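Chains as they are written, first to last, in my numbering: chain A, 1 to 527; chain B, 1 to 527.
Everything labelled a hint here was simulated from the structure, so no lab data went into it. These figures come from a predicted structure and were not determined experimentally. Take these hints with a grain of salt, some might be off.
Taking CB as the label site, the calculated pair distances span [said to hold, decoys possible]:
#, chain 1, residue 1, chain 2, residue 2, range
1, B, Q11, A, I221, 23 to 29 Å
2, A, S414, B, L501, 16 to 22 Å
3, B, K222, A, A342, 40 to 46 Å
4, A, H55, B, Q11, 32 to 38 Å
5, A, D525, B, E313, 29 to 35 Å
6, B, N386, A, G220, 53 to 59 Å
7, A, A433, B, L502, 16 to 22 Å
8, B, P498, A, K243, 34 to 40 Å
Here are a few chain A residues that sit away from chain B, every Cβ distance over 10 Å (derived from the structure) [said to hold, decoys possible]:
#, residue
9, S13
10, A67
11, S475
Glycine residues also receive a C-beta, built at the ideal position from the N, C-alpha and C atoms.
2 protein chains.
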Amino acid sequence: MITGKNYIGNQLSATGSTTFKTFNPLLNLENQWEITEASAEEVNEAVALARQAFHVYSKISGAKKGAFLRSIAKEIEALGDELLEVYSAESGLPKGRAMGERGRTIGQLLAFATHVEEGSWVEASIDTAQPNREPIPKVDLRKMYVALGPVAVFGASNFPLAFSTAGGDTASALAAGCPVIVKSHPMHAGTGELVASAILKAAKNTGMPNGVFSNLNSSGIKVGEMLVQHPGVKAVGFTGSIKGGRALFDLGAKREEPIPVFAEMGSINPVVLLPKSLKNRAQNIAKTYAGSITLGAGQFCTNPGLILGIKSEELTQFINDLAEEIVKIEPSCMLHPNIIGAYETNKAKALSQSELTVLFDYKNEVNANYGKQAVTTVEGDTFLKNTTLHQEVFGPYSLVVQCENKAQLETVISKLEGQLTGTLISDDDEITAYAEVVAALQSRVGRVIFNGVPTGVEVCASMQHGGPYPASTDSRFTAVGVDSIKRWVRPFSYQDWPNHLLPDELKNENPLAILRTINNLKTTDKI
Amino acid sequence: MITGKNYIGNQLSATGSTTFKTFNPLLNLENQWEITEASAEEVNEAVALARQAFHVYSKISGAKKGAFLRSIAKEIEALGDELLEVYSAESGLPKGRAMGERGRTIGQLLAFATHVEEGSWVEASIDTAQPNREPIPKVDLRKMYVALGPVAVFGASNFPLAFSTAGGDTASALAAGCPVIVKSHPMHAGTGELVASAILKAAKNTGMPNGVFSNLNSSGIKVGEMLVQHPGVKAVGFTGSIKGGRALFDLGAKREEPIPVFAEMGSINPVVLLPKSLKNRAQNIAKTYAGSITLGAGQFCTNPGLILGIKSEELTQFINDLAEEIVKIEPSCMLHPNIIGAYETNKAKALSQSELTVLFDYKNEVNANYGKQAVTTVEGDTFLKNTTLHQEVFGPYSLVVQCENKAQLETVISKLEGQLTGTLISDDDEITAYAEVVAALQSRVGRVIFNGVPTGVEVCASMQHGGPYPASTDSRFTAVGVDSIKRWVRPFSYQDWPNHLLPDELKNENPLAILRTINNLKTTDKI
Chain A
1 MITGKNYIGN QLSATGSTTF KTFNPLLNLE NQWEITEASA EEVNEAVALA
51 RQAFHVYSKI SGAKKGAFLR SIAKEIEALG DELLEVYSAE SGLPKGRAMG
101 ERGRTIGQLL AFATHVEEGS WVEASIDTAQ PNREPIPKVD LRKMYVALGP
151 VAVFGASNFP LAFSTAGGDT ASALAAGCPV IVKSHPMHAG TGELVASAIL
201 KAAKNTGMPN GVFSNLNSSG IKVGEMLVQH PGVKAVGFTG SIKGGRALFD
251 LGAKREEPIP VFAEMGSINP VVLLPKSLKN RAQNIAKTYA GSITLGAGQF
301 CTNPGLILGI KSEELTQFIN DLAEEIVKIE PSCMLHPNII GAYETNKAKA
351 LSQSELTVLF DYKNEVNANY GKQAVTTVEG DTFLKNTTLH QEVFGPYSLV
401 VQCENKAQLE TVISKLEGQL TGTLISDDDE ITAYAEVVAA LQSRVGRVIF
451 NGVPTGVEVC ASMQHGGPYP ASTDSRFTAV GVDSIKRWVR PFSYQDWPNH
501 LLPDELKNEN PLAILRTINN LKTTDKI
Chain B
1 MITGKNYIGN QLSATGSTTF KTFNPLLNLE NQWEITEASA EEVNEAVALA
51 RQAFHVYSKI SGAKKGAFLR SIAKEIEALG DELLEVYSAE SGLPKGRAMG
101 ERGRTIGQLL AFATHVEEGS WVEASIDTAQ PNREPIPKVD LRKMYVALGP
151 VAVFGASNFP LAFSTAGGDT ASALAAGCPV IVKSHPMHAG TGELVASAIL
201 KAAKNTGMPN GVFSNLNSSG IKVGEMLVQH PGVKAVGFTG SIKGGRALFD
251 LGAKREEPIP VFAEMGSINP VVLLPKSLKN RAQNIAKTYA GSITLGAGQF
301 CTNPGLILGI KSEELTQFIN DLAEEIVKIE PSCMLHPNII GAYETNKAKA
351 LSQSELTVLF DYKNEVNANY GKQAVTTVEG DTFLKNTTLH QEVFGPYSLV
401 VQCENKAQLE TVISKLEGQL TGTLISDDDE ITAYAEVVAA LQSRVGRVIF
451 NGVPTGVEVC ASMQHGGPYP ASTDSRFTAV GVDSIKRWVR PFSYQDWPNH
501 LLPDELKNEN PLAILRTINN LKTTDKI
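So that you can see chain A by itself, here it is in the shape it has in the complex:
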């Protein structure tokens, strides 16, 4: 049941006076449940509880953290149809997507459970003492990752489950041993509360300390700002716009004690079409990309917003094919009037740029809040001169850039901002003639894709979801996959520490049987 209250630790609380409602974009009306924003006192209380919980939670075993994460997954499943219905009512996304995203969320929680139960992720490293070394004895040193402290997580608008309350940021931070305070996304605060209730049930089931998790409602920026500036918060995870992410990053960097703010932000995900592939299968590629551009109303951070090719008959053919294919697709509902409003504004701005040709701009009447797709094209020269064309238009929109030649294609790529992904469409061995183009693409992105589409982010250990700024605020980390845990931990060394007082990960006996580095060799041996 949605109460509209905040969870301050395990207590429902609504001491503030500001309320708001979420919106059903399919029905084009407000949902009935009323949400109460967290007050400043509630924010402070949540952080105080998280600090207390940290002392205990940061030291519990991987097995116990695993049990907690597994219990969260179970309790989310147990929310049943209510969760799916509220999810759809607050996002306009269909039930199939809700089920898929719930499955992904549960999968992530279980993957982190397995990761911390196994335990080698702490990268335990041991250098044993050499008391007789000349000229000075060598001390015993043992290092492992430990948790940073309470983490503030900002839910994303476009993934009410997988990148929100119990999404990747929360799962990775809890796995790391960090209490989490979620700033719930205002567009799906009801969904957020349901998931928060599942997390807190799981915390109770598995004996976790109060304060290990809190969920704060807010429709403005105040609660988020308070969290990022609070001395008790030691790191931040965010998924959303460049404007929002950069504002939080700046707040984190300006603190007396700066903290890491990992924000995964905008991306236009360039797709490079090489000539032979167009010659062989222009229509096929066009069909695939018409689907990728409009998938989920274009509301994926890996949406292909930029398609690059070299002028040719085949590229012209592809452009015509793309326009034809995208005509066939029915518009679908976007997440919220604000999202569609921003989409229409940004699309109109893009379409109004001089020397740009509109290939297709959906004109038919659609239901309220449905996103009408559009594709456009420009010459390489125009694109290079006009950086407005480099900006993301979040929604079902893409721009095809027709470059003069290979050199201009390379230049266009090298002038792009940092991107989550870059895709190469290439046939046979033509790629070998485009080494500089491929190198330029690799330098701008976190992940390169060969003959595929950038949409669809596989959750696995080898996924990099992040990239050079502004794809993320720190390209050295990923937002997806088990390695995303590294955002929330720091290495810690013990020198000559008594064996029985060391954490299990570093004891001589290796009681957890984890893989460790001992005197520079990887081994599961005891000492």
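Chain B: place on chain A using the hints.
Below, chain B without anything else, positioned relative to chain A:
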């Protein structure tokens, strides 16, 4: 031979008009060689060369990078006595220290050579495709660390070799595949030029691209600021003061494209004396600590500037012993008149604080630029009230805080800023009665030491040299040991990429025979 010029790539250059001289603190006069500051054009040229070099250098094999690093080590050795003499002339440090630090510098270079030659450090991870997976096929994903881009390194005043031109930051960045531009420390610019010449000889010997290394002179802040703000620079390494490190961190964070600035800064390295240990061996501990406080004239970042105990007869005895032991030590020469000037100012400020007792303040006449040691003591209450007493006094100075009881000891520790190290002096099993004190200490530091001294930073894989702010600007990384390479790399994923176009680290055949994660299992197997 010292020319006083900059190395812009492999070319000596001195187009600027500002010159300065280094200073011999032992002789109390300027060294004769004249150094020319890098001009803005030279800074831009060095960055342009580094960007070009990056395209090649970021992709060369671990074997070739290893050969380069080994050649640097050899060329530094080949500088022979000239290096040792200039080192001492520019630092006042004795020849034994010069030789020790040269050995450490060479050891670091060789350790990184071994690390990249072996190759598993890239943390290669492969998830193989599952074309028949339901509901959607699983793509093939392969991830590894790749270099960030050109790195700017700021030499440290207190380690003219091991944390400067070819020190840990440079060695780790070159090992990562990043070209390096050093902003040479003005106090030892001659030493810096000699080492730079060795690096460039090695680059030539091993066929490295021009621009892989540059060395810029500057006595002010302009060259450093230009480097940190230059769009071509992608990361920064710094060792030095909180003021300097924070200023660079802020510049890096404010850029249009923010970059990571890893600064290892100030620390007072608290030492906690537990009662039994004092009862058993107060004099012994006092003697050890008198030595640690004055080691290298107290000019180590791990100098024990704060000693904490609980009021008792034994603590009083220890304090008297410490004063007696420190009397016996002869002052030694500090690095530079500026350093001793700052030391005298900061020490005077500390000594002037109310309710502080001066235990020992060396009053005898000493040579110019010699640092006179001092130790002081205060009550726990006073320390908690006066945060001036929490500030680092860089030099041979330490403060003993006498806490009322165990609870106050815990409070004092928890109120400290972040530290590189924390030390516990404890006998038998008394530590078990101080679990909260130990936990508080661990939460404030990067490394804990049991019954030792914080000075002496072992260079090995298990060393953590860093810590919560302001010990460093990002506690998630270390400045010492092979893992310091992680500051300069980002994960990069290939999706469905053709095997023959993958880097060797990710090819099916595993031609480098490195340890990889394949479908979540660590293995050196082929696919």
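Checked hints:
no.: 1; hint: B:Q11 - A:I221: 23 to 29 Å; result: violated, 51 Å
no.: 2; hint: A:S414 - B:L501: 16 to 22 Å; result: holds, 20 Å
no.: 3; hint: B:K222 - A:A342: 40 to 46 Å; result: holds, 42 Å
no.: 4; hint: A:H55 - B:Q11: 32 to 38 Å; result: violated, 57 Å
no.: 5; hint: A:D525 - B:E313: 29 to 35 Å; result: violated, 47 Å
no.: 6; hint: B:N386 - A:G220: 53 to 59 Å; result: violated, 40 Å
no.: 7; hint: A:A433 - B:L502: 16 to 22 Å; result: holds, 18 Å
no.: 8; hint: B:P498 - A:K243: 34 to 40 Å; result: holds, 38 Å
no.: 9; hint: S13; result: holds, 27 Å
no.: 10; hint: A67; result: holds, 20 Å
no.: 11; hint: S475; result: violated, 4 Å
The earlier numbered hints that this structure contradicts are 1, 4, 5, 6, 11.
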